[in-house]
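Work the whole structure out from these sequences, hints included.
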Amino acid sequence: MRTTATIYMLTGISIGTIMVTSSNSWMLAWLGLELNSFAILPLISKTKHPRSIEAATKYFLTQSTASCLILFASTINAWQTGTWTITQMPDKLPSTLMLIALTMKMGAAPMHLWLPEVMQGTTLLTSLLVSTWQKIAPMVLIFTTSNHLPSNITLIMGLLSTYLGGWGGMNQTHLRKMMAFSSIANMGWTLMTLTSEPKMSMINIMTYMLLTTPTFILLAQTSTKTLQDMTTMWTTSPTSSITLTFLLLSMAGLPPLTGFMPKLLILNELISQNMTAISVATTMSSLLSLIFYLRISYLTSLLNTPSSSTSTTKWRQNMNNLKMTQMAPTAVMSTTALPTLYP
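Number 363 in the numbering used here belongs to position 322 of the sequence shown; there are no gaps in the numbering.
No lab work stands behind these hints: they were computed from the structure. Any given hint could be a false lead.
As the list claims (entries may be wrong) - Pairs of lysine-lysine, PhoX-like flavour, derived with a Cα cap of 20 Å:
| id | residue 1 | residue 2 |
| --- | --- | --- |
| 1 | K266 | K87 |
| 2 | K218 | K99 |
| 3 | K99 | K89 |
| 4 | K266 | K218 |
Next up, the structure:
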């Protein structure tokens with residue numbers, strides 16, 4: 042029964058995202074966003090724990106507020122232009138309100154405080170959905186309206202997201218909160234070139250999803266939730282530990298891994314737009330994120346040598362070889378796709 046309900050919820054999430062990506066009207070897009078938000082609520086609260094109920098409540102309130110702003114902005118735009126078409130938004134007021142609403146749905150600063158709490162209160166796989174799939178629909182809407190969005194506000198929100206995401210993740214010991222602040226910082230990089238080169242922003246967010254998916258699957262397969270659990274991953278699965286180390290370094294943006302490519306392209310675009318000071322500030326913010334990525338990598342691969350435990354302990358897991366085999370292509374692309382993406 043629980044499996045059937047989960048399938049229904051995942052189907053609703055998929056249909057909602059498809060509705061948004063294929064719609065040309067704000068009303069249909071709003072309905073798709075609502076279906077997407079309501080379908081994931083049972084998945085967030087399914088663990089029957091007070092923390093998960095709190096996470097579902099915070100997610101519902103935040104998404105409802107953002108949906109009200111979207112409906113308000115689209116109504117003002119329809120009153121001014123006489124159409125509900127998504128691409129017709131010439132006035133600054135509705136475009137600014139729409140930017141605030143959509144970034145609130147994605148968890149970008151300064152409307153980001155709900156994301157770490159929601160991801161901490163749910164399971165790792167549901168956190169994966171929140172940080173990847175749930176960003177597709179609002180990102181498509183932002184991409185569609187990128188030529189009407191205010192560039193100054195977008196740049197300010199991007200810089201805030203990169204710095205607040207880096208600062209917030211430095212003092213965390215729970216991996217789900219750390220990944221949430223990583224998502225906030227990555228959204229900042231996505232917003233930096235949204236108005237000048239939106240295709241580059243889409244490359245960045247898609248690359249982040251490619252990196253995040255195998256990372257969360259590895260953490261879920263090894264039941265790793267805190268930094269202390271990272272020190273025992275060697276005895277559970279040395280291969281998973283090595284793969285996770287490369288994935289984290291790739292998310293940090295170290296060359297020659299895949300995560301370096303979109304950051305390089307974004308910095309190149311900012312410099313070509315005569316925004317050298319902003320590009321330098323964005324580069325400095327990436328050092329903040331690099332600190333906690335290197336801390337996780339150090340605990341995963343350098344603190345303990347590869348060895349086998351001689352005693353049965355509570356954290357030893359029976360790894361599902363089939364799931365790990367299915368994850369292998371994604372993990373390989375996440376770490377070695379740089380030569381093919383950026384020749």
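Hints versus structure:
Restraint check for K266 and K87: satisfied, since their Cα atoms lie roughly 18 Å apart, inside the 20 Å limit. A C-alpha spacing of about 15 Å is found between K218 and K99, which places the hinted pair at or below 20 Å, so the restraint holds. Between the alpha carbons of K99 and K89 the distance comes to roughly 16 Å, so the proposed pair stays at or under 20 Å and holds. Distance restraint check for K266 and K218: the Cα-Cα separation of roughly 10 Å lies within the 20 Å cut-off, and the hinted pair is therefore satisfied.
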